[in-house]
Amino acid sequence: MVEVSTPVRWALRLAAVAYVFFLVAWPVALVVRQTFSNGLDNLIEAFQDPHVVNALELTLMVAFWAVVINTLFGVTISILLVRYEFPGKRLLSALIDVPLSVSPVVVGLALLLVYNGRDGWFGPTLEANGLQVIFDTPGMIMATCFVALPLVIREVVPTLTEVGDDQEQAARSLGANARQTFWRITLPSIKWAVIYGVVLSLARSLGEFGAVKIVSGNVTGRTQTATLMVEAKYQNFQQGTAYATSFLLILVSIACLVVVAVLRPKHP
Amino acid sequence: MSIDVSGVTKTFGDFVALDDVSVSLPTGQLTALLGPSGGGKSTLLRVIAGLETADTGRVTIEGVDATRLPPQKRNVGFVFQHYAVFKHMTVAKNVAFGLEIRKRPKAEIAARVDELLRLVHLSQFSHRLPSQLSGGQRQRMALARALAVEPKVLLLDEPFGALDAKVRKELRDWLRRLHDEVHVTTVFVTHDQEEAMEVADEIVVINDGRVEQVGTPDQLYDEPANDFVMSFLGEVTTLGGVLLRPHDVHISTTPQLAGAAEGTVSRVLRVGFEVRVNVLTDDGEDVLLVLTRTHARQLGIEPGVRVWVTPASGALTVPSMKAAVG
Amino acid sequence: MTSALAGVTGAAAEPASREGRRPRRSRRATPRNTLTKGAALGLGVTMVWFSILVLIPLAAIVATASENGWSQYVATLQNPQTWAAIKLTVGQALLVTVINIVMGTVIAWVLVRDRFPGKAILDVIIDVPFALPTIVAGLVLLALYGPNSPIGVHWANTERAVFLALAFVTLPFIVRTVQPVLEELESDVEEAAASLGASRTTIIRRIVLPSLTPAIAAGAALSFARAISEYGSLVLLSGNLPFRTEVVSVRVLSFIENGNTASAAALATIMLAVALLVIVVLDIVQRRVSRRG
Chain A
1 MVEVSTPVRW ALRLAAVAYV FFLVAWPVAL VVRQTFSNGL DNLIEAFQDP HVVNALELTL
61 MVAFWAVVIN TLFGVTISIL LVRYEFPGKR LLSALIDVPL SVSPVVVGLA LLLVYNGRDG
121 WFGPTLEANG LQVIFDTPGM IMATCFVALP LVIREVVPTL TEVGDDQEQA ARSLGANARQ
181 TFWRITLPSI KWAVIYGVVL SLARSLGEFG AVKIVSGNVT GRTQTATLMV EAKYQNFQQG
241 TAYATSFLLI LVSIACLVVV AVLRPKHP
Chain B
1 MSIDVSGVTK TFGDFVALDD VSVSLPTGQL TALLGPSGGG KSTLLRVIAG LETADTGRVT
61 IEGVDATRLP PQKRNVGFVF QHYAVFKHMT VAKNVAFGLE IRKRPKAEIA ARVDELLRLV
121 HLSQFSHRLP SQLSGGQRQR MALARALAVE PKVLLLDEPF GALDAKVRKE LRDWLRRLHD
181 EVHVTTVFVT HDQEEAMEVA DEIVVINDGR VEQVGTPDQL YDEPANDFVM SFLGEVTTLG
241 GVLLRPHDVH ISTTPQLAGA AEGTVSRVLR VGFEVRVNVL TDDGEDVLLV LTRTHARQLG
301 IEPGVRVWVT PASGALTVPS MKAAVG
Chain C
1 MTSALAGVTG AAAEPASREG RRPRRSRRAT PRNTLTKGAA LGLGVTMVWF SILVLIPLAA
61 IVATASENGW SQYVATLQNP QTWAAIKLTV GQALLVTVIN IVMGTVIAWV LVRDRFPGKA
121 ILDVIIDVPF ALPTIVAGLV LLALYGPNSP IGVHWANTER AVFLALAFVT LPFIVRTVQP
181 VLEELESDVE EAAASLGASR TTIIRRIVLP SLTPAIAAGA ALSFARAISE YGSLVLLSGN
241 LPFRTEVVSV RVLSFIENGN TASAAALATI MLAVALLVIV VLDIVQRRVS RRG
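Chains as they are written, first to last, in full-length UniProt numbering: chain A, 1 to 268; chain B, 1 to 326; chain C, 1 to 293.
Please note: incorrect hints may appear among the correct ones.
[Unchecked claim] With a Cα cut of at most 25 Å, we get these calculated BS3-like pairs of lysine-lysine: (1) B:Lys166 with B:Lys152; (2) B:Lys152 with B:Lys103; (3) C:Lys37 with A:Lys89; (4) B:Lys93 with B:Lys106; (5) B:Lys73 with C:Lys87; (6) B:Lys106 with B:Lys73; (7) B:Lys166 with B:Lys93; (8) B:Lys87 with A:Lys191; (9) B:Lys103 with B:Lys93; (10) A:Lys191 with B:Lys93; (11) B:Lys103 with B:Lys73.
Derived by calculation from the structure, the hints in this document are not laboratory data.
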């Protein structure tokens with residue numbers, strides 16, 4: 001391994017630390033400090049605002065369903081991609097990643113064009129049958145599912161590939177059927193990858209903003225999520241509430257990161 | 001017959017792994033599928049286990065047509081080259097797996113696991129995770145796991161291939177003794193002819209997707225069906241257009257026997273008690289001989305000495321069809 | 001989130017070696033169907049959901065944009081406000097990507113090869129932009145670079161704000177793609193080069209950087225694609241001033257809010273195409289480099 005000279009090493013170290021400090025660490029710390037600039041007042045005020053509580057509940061509900069759907073979908077697709085051969089597999093594996101490079105605004109627009117009740121492709125038919133997608137929770141869940149779609153798959157596919165199918169074949173030869181093999185062998189061996197995927201999806205789902213803004217209609221107290229609430233409160237000069245809500249979101253996202261960071265090295 | 005394979009063909013894309021293979025493996029014996037890597041022997045084992053489905057042909061296990069049965073309904077034990085241990089389960093849980101799948105009573109499972117772990121000398125490791133075992137221990141655990149479900153046949157795919165030479169030799173002897181104890185019909189795949197000769201009751205030589213010969217180790221060694229089997233089962237050399245074993249070449253420093261080829265010793269190599277001699281005949285053939293040290297000294301074999309070589313009387317020879325592999 | 005692109009390309013293209021012990025492995029390249037009944041059902045259900053969620057909606061964008069043929073695109077692009085937004089977005093995204101290539105590689109190097117107290121914290125902080133809601137990212141940057149800046153830097157509502165927001169959200173991409181490659185880079189290769197008389201700079205230039213290039217390219221592609229599509233972090237920070245700090249996503253949103261879905265769809269299609277183009281081009285670069293290496 002090449003050893004760089006001490007001054008160069010210090011220069012690189014300083015550059016890296018300073019860049020991350022000014023770009024991420026200090027700004028985040030400032031928001032946390034401003035949240036507590038009046039002690040716990042900001043947090044108390046926020047929790048006393050029914051709209052904030054409502055927004056937090058809605059965010060949790062939407063994120064929960066999006067994570068559940070993406071986990072089921074992600075594990076299924078991962079197993080199909082790794083364990084089976086079928087025509088179009090390569091294309092599917094490329095398409096799975098598309099949501100990562102699509103702007104949240106474009107996601108919102110895409111869902112709007114298909115599911116809006118006025119002139120969408122499917123919207124009017126669905127609404128005639130009593131299912132409102134746009135400006136309601138189904139649309140918000142879909143938008144969240146869309147943006148977080150590849151996260152579980154990206155964690156599970158490499159693990160599934162690395163584990164190989166030897167253990168599954170051994171289980172089959174010992175008399176386990178497909179269902180037993182999945183629950184007793186496959187799932188336990190990808191457990192940690194699924195958990196990482198779920199945690200990352202959760203962080204992404206709780207924080208989605210652009211796509212949800214478009215499909216939800218952003219109605220305060222009804223379809224306003226926590227992130228939309230931050231924008232509204234900040235622009236209404238209720239910055240204390242905006243900071244408090246942001247603080248909660250920062251707390252959850254950093255908790256997610258710490259969970260992943262703590263678990264990962266033990267189960268490479 | 002315990003396992004009957006008839007007319008099995010298996011292709012992967014345009015690669016023919018098995019080409020119309022038919023073979024019968026008798027009950028209660030230890031059979032080796034022997035052949036070079038990529039010759040189709042592992043594929044044959046996996047077809048018997050149901051881990052691969054044959055394109056054509058039939059597989060019958062203990063009189064039951066198993067051709068269309070999924071692996072879990074064939075009641076075969078399968079041991080994988082890389083152990084395929086269940087990493088998240090303890091040793092005991094690994095061995096108990098097949099029994100739990102079959103919903104046997106808890107007490108019965110515990111007793112059986114205990115018995116098996118004793119059989120494979122792993123009793124004191126029952127609560128360890130597989131990652132805490134050595135390669136040889138893992139393979140013994142995998143064997144116990146396969147035996148737990150009392151399979152009609154036990155299939156082992158290069159079971160010792162991933163182990164180092166010393167452990168491999170130990171496990172080989174141990175497998176032989178274990179088979180003498182439990183007497184389950186056993187088939188194992190190997191590319192090591194020494195392993196096959198030492199352990200198996202019967203050997204099936206497979207090459208290029210075809211069965212070259214079936215027989216006991218002695219039959220194969222003494223009566224090889226063709227030059228491939230002959231050269232695969234031991235060292236060979238060519239002399240006057242025939243294949244023969246290097247120790248079956250008669251050498252003398254005077255023209256004693258009619259028809260002996262005259263040549264010059266080109267190289268002498270002493271390996272332990274034996275001496276390996278290369279003779280370049282005047283016809284341009286490079287003949288390899290193996291002599292004892294005493295014999296070589298008596299004859300005064302040294303590079304440059306003129307010698308006469310001929311197949312010894314009673315030597316096994318096979319016409320050389322293609323260039324010798326050995 | 002490591003080896004972002006590599007995972008995708010690697011999964012589909014298994015090396016086809018003829019010499020494999022088990023021929024079944026070497027023959028996977030030929031497209032064939034190994035789906036069981038259950039797996040086929042699973043594939044069917046997931047494909048229906050994937051179509052409902054992703055494929056049909058994205059198709060709807062392209063279809064809506066193409067209703068009036070090319071004229072829709074021409075009209076959208078000729079709008080000077082839109083054109084300014086595109087120029088700003090692409091320009092800042094490129095700038096941020098270049099900065100990321102340098103800083104991302106430096107940070108990855110420091111995380112792998114340097115040792116100092118607090119390095120583990122640095123490692124976790126790198127991921128914060130991945131996990132932080134984008135709107136909160138904007139709020140956070142506003143705290144240090146906004147009107148109440150404790151260091152007197154007032155960049156809100158300027159082009160610099162756009163740069164800051166994009167740099168923030170794209171920070172992890174190159175770090176997280178380069179880091180694992182650097183970790184696995186065998187030090188004996190470097191030692192071999194050193195034993196052959198190569199100097200430190202030569203080793204870095206000829207041995208280390210070439211092996212990092214595919215990872216850097218992959219990270220840069222993701223970083224650029226993310227940057228041109230960013231929205232949430234800019235809402236509070238950049239002020240969305242037409243001709244000055246308005247980015248393409250904001251433009252699309254205002255088209256949507258004005259009910260001009262045709263223009264919104266046209267601009268969205270262009271964004272999709274640019275993102276796709278960059279990923280394809282850099283994927284080709286990456287393959288070429290990795291084949292040569």
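Going down the list of hints, with the structure as the test:
no. : hint                   : verdict
1   : B:Lys166 with B:Lys152 : violated (30 Å)
2   : B:Lys152 with B:Lys103 : holds (19 Å)
3   : C:Lys37 with A:Lys89   : holds (17 Å)
4   : B:Lys93 with B:Lys106  : holds (12 Å)
5   : B:Lys73 with C:Lys87   : violated (65 Å)
6   : B:Lys106 with B:Lys73  : holds (22 Å)
7   : B:Lys166 with B:Lys93  : violated (28 Å)
8   : B:Lys87 with A:Lys191  : holds (12 Å)
9   : B:Lys103 with B:Lys93  : holds (14 Å)
10  : A:Lys191 with B:Lys93  : holds (18 Å)
11  : B:Lys103 with B:Lys73  : holds (15 Å)
In this structure, the hints that do not hold are numbers 1, 5, 7, in rising order.
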